[in-house]
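A.B. asks: Using the sequences and the accompanying hints, generate a full structural model.
Residue numbers (my numbering), protein chains in the order written: chain D, 1 to 431; chain R, 1 to 431.
It is worth saying that the hints were derived from the structure and are not from the lab.
We put the CB at the ideal spot given by N, CA and C, even for glycine.
If a hint is listed, it holds; no wrong ones were tucked in.
Below, in silico cross-link-like pairs of lysine-lysine (DSSO-like), each with a Cα-Cα straight-line distance of 30 angstroms or less:
| no. | chain 1 | residue 1 | chain 2 | residue 2 |
| --- | --- | --- | --- | --- |
| 1 | R | K123 | D | K123 |
| 2 | R | K64 | R | K91 |
| 3 | D | K219 | D | K71 |
| 4 | R | K91 | D | K123 |
Taking CB as the label site, the calculated pair distances span:
| no. | chain 1 | residue 1 | chain 2 | residue 2 | range |
| --- | --- | --- | --- | --- | --- |
| 5 | R | S13 | D | T349 | 17 to 27 angstroms |
| 6 | R | A11 | D | K162 | 43 to 53 angstroms |
| 7 | D | V268 | R | S27 | 24 to 34 angstroms |
| 8 | D | E299 | R | G118 | 31 to 41 angstroms |
2 protein chains.
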Amino acid sequence: MAVRTRRRRRAASPQERAEELTRAARSTCAPLARAGSGEKDAALLAAADLLGRRRRRIRDANAKDLRAGRKADLSSALLDRLEITPARLAKMAEGLAQIAALPDPVGEVMRGWRRPSGLRIRKVRTPIGVIFMIYESRPNVTIDAGGLALKSGNAVILRGGKEALHSNLALGACLAEAVRKSGLPQAAVQVVDTPDRALVEALLQRNESIDVVIPRGGKGLIRTVLAQSSIPVIMHLDGVCHVYVDASADLDMARRIVVNAKVQRPGVCNAMETLLVHRDVAAAFLPKCLRALRRAGVELRGCPATRKAARGVAVKPTEEADWWTEYLDLVLSVKVVDSLDQAIAHINTYGSRHTDAIVTADVSAAERFRNEVDSSSVMVNASTRFSDGFEYGLGAEMGISTNKLHARGPMGLEELTTYKFLVDGDGHVRE
Amino acid sequence: MAVRTRRRRRAASPQERAEELTRAARSTCAPLARAGSGEKDAALLAAADLLGRRRRRIRDANAKDLRAGRKADLSSALLDRLEITPARLAKMAEGLAQIAALPDPVGEVMRGWRRPSGLRIRKVRTPIGVIFMIYESRPNVTIDAGGLALKSGNAVILRGGKEALHSNLALGACLAEAVRKSGLPQAAVQVVDTPDRALVEALLQRNESIDVVIPRGGKGLIRTVLAQSSIPVIMHLDGVCHVYVDASADLDMARRIVVNAKVQRPGVCNAMETLLVHRDVAAAFLPKCLRALRRAGVELRGCPATRKAARGVAVKPTEEADWWTEYLDLVLSVKVVDSLDQAIAHINTYGSRHTDAIVTADVSAAERFRNEVDSSSVMVNASTRFSDGFEYGLGAEMGISTNKLHARGPMGLEELTTYKFLVDGDGHVRE
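C.D. replies: Below, the structure written as structure tokens:
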């Protein structure tokens, strides 16, 4: 006891705090893996309920963050992302209820078979273990990610942006409290209660006790995580998404898709950043389409052929850097290409292998585009904006992974699981 | 041309060579992804044929490695692993024919569905891209890994141990030649032709052009890869595998399983390293079982209760380090436990989450063991030695992954693939 008291007196080091957090998380893995859907869903619904009952406490915590944000001169866009309005809080609660309604991925027999020797083998879905989620600004991620982790039987350590610290703590407390009330271990959901970066660094060193890191935020964050840690990472990097308008495209359809992909929500990763147009339809397609984009407030940048075909619509010249850029804004670069091959080559060179679309009436062009564009989502005659877990019907979304391994593209509950092989014999030995 | 000649004159730097290798590999990705099973299988069968026709060349290359190995005082075990006997060469050819006979994973529609909006979505298996495989000693890995990579449509860069350099080059040349003859790009299979470690380090920096690193070898190798690279890694770490003999076990069955798991092939990762025995059956089980193990040449180390129950069989005392050790040899540590809980706790603490088995007649003990042991393979009444791609009927094996993400446990062709979402609309835009 004396030792304990003495240790308590001085502040714990980041390493000690990291160990405490991960040890607590790890200790919940076995009971979480065993937990039935009933207990997990009850916890999710209880958390949804608590969000409503504690709305004042959450509003006060959020107000503290907003005041600090204004003092720190955060942009109005950032302040908007930070704010928890009553509608947004209601949406978080609704999200938890939706997660509760989804089928439990844990325990699913993915495949089962019998070997000639009589050995029975099952490949069964299990939780991954401990997830460390690092994210920026939007506090609803605390609820979404916490809820998805819980449903998939994983312990989660949540580390949001420092601007949202009080909001995240208030939201996380609802989850942890609900987990405890449902008879599950409270440490299944932990929100890091300090903006200290040294603690993040210490957590990133804990290979033995963290199974996966999921960073969601700017490239800087992701690069830092990759550089500092050898824990497996599920990344959410950039979306330099393309729409290619083929020579055979229905040009009205193409215009609707292009405008939608650019302007419906320009600040997200599945919005279009570069438009490619086959030269045979450039003159017929571009003027009307570019006018529609301008009318929607889009700044246009184009290759020489684009500017020539623009017929009076204001198009600035592009620079090499434009083709690599994720604007996340009402800006678009436009290029006229000679062929489908050139379009595919452009996408595979400059794209980020996120989401790319072709508008075409030609079956074989569609098939070549599907096969040869190396992106996690490849669309034919649809807006890139559909690349999203909810739109795909996965029922939930942890993010859109730019990994090729484990999870690629929109991530749902299944992507938060791993599997084990269960092998049953009757005294089987190997000859 | 002048520039090229000048560049050729000086030796290329490791960075330049790494770029050359990866650029060549990357350039084969699109044709490999497009290739039909027919072409890939033809290449595999042509390679099998070439192994036979070039047996002299391969034997000479192998003899060179063996001579150098003897000079360098390699152990007889290592020299044995290095040797390509006619039987082993025939087995490599047979392995290629088996891979050719397997179903092609690429293009498989893993799931397909239609959304309420009419959008059609397919999740389709695709190659990963470029695989960098680093392995030690046994030259057959060149053929196995090269064949599996080819069948799954991936480009592969193979870097074997320096002791096997000439053997690996001779074997790899058969694969590359067969690939070329079948109309596929020869650089799909490249064997690194130098033992230079700087080149490996340079390759490990090429995040943009290598999609996954698969190291197979000692822990040192894997730690180095993890430390040096931020490319995703599929690891093959250690197997500290356990057999737990429950109070309800059929003791004859238990003895057969224990002896098989330890002695049938002690040098591999799925061999048992620690035996756990419930105290209620320790006296009845241990003497006969330990005698059988001693007779098979196993050195025994045991906890005090084991040594007490051993009744005259020579059992050395264990040290704490023993419980953590993968002997890969005819050595076994033995512990008497008080309960199923203690057995599970021991396995989850000291084990490596590879393969663990229970011998029991009790349905609920079996079920608790299956659920609570956090290992990639959990066996009931079967030897740990079954944990293997061929034994599971996966038809092939790239290794046994100790990752939790992407591939866990025995890895077949499917684990060498990723997927993409193909989305088909009729002008769909998002509201």
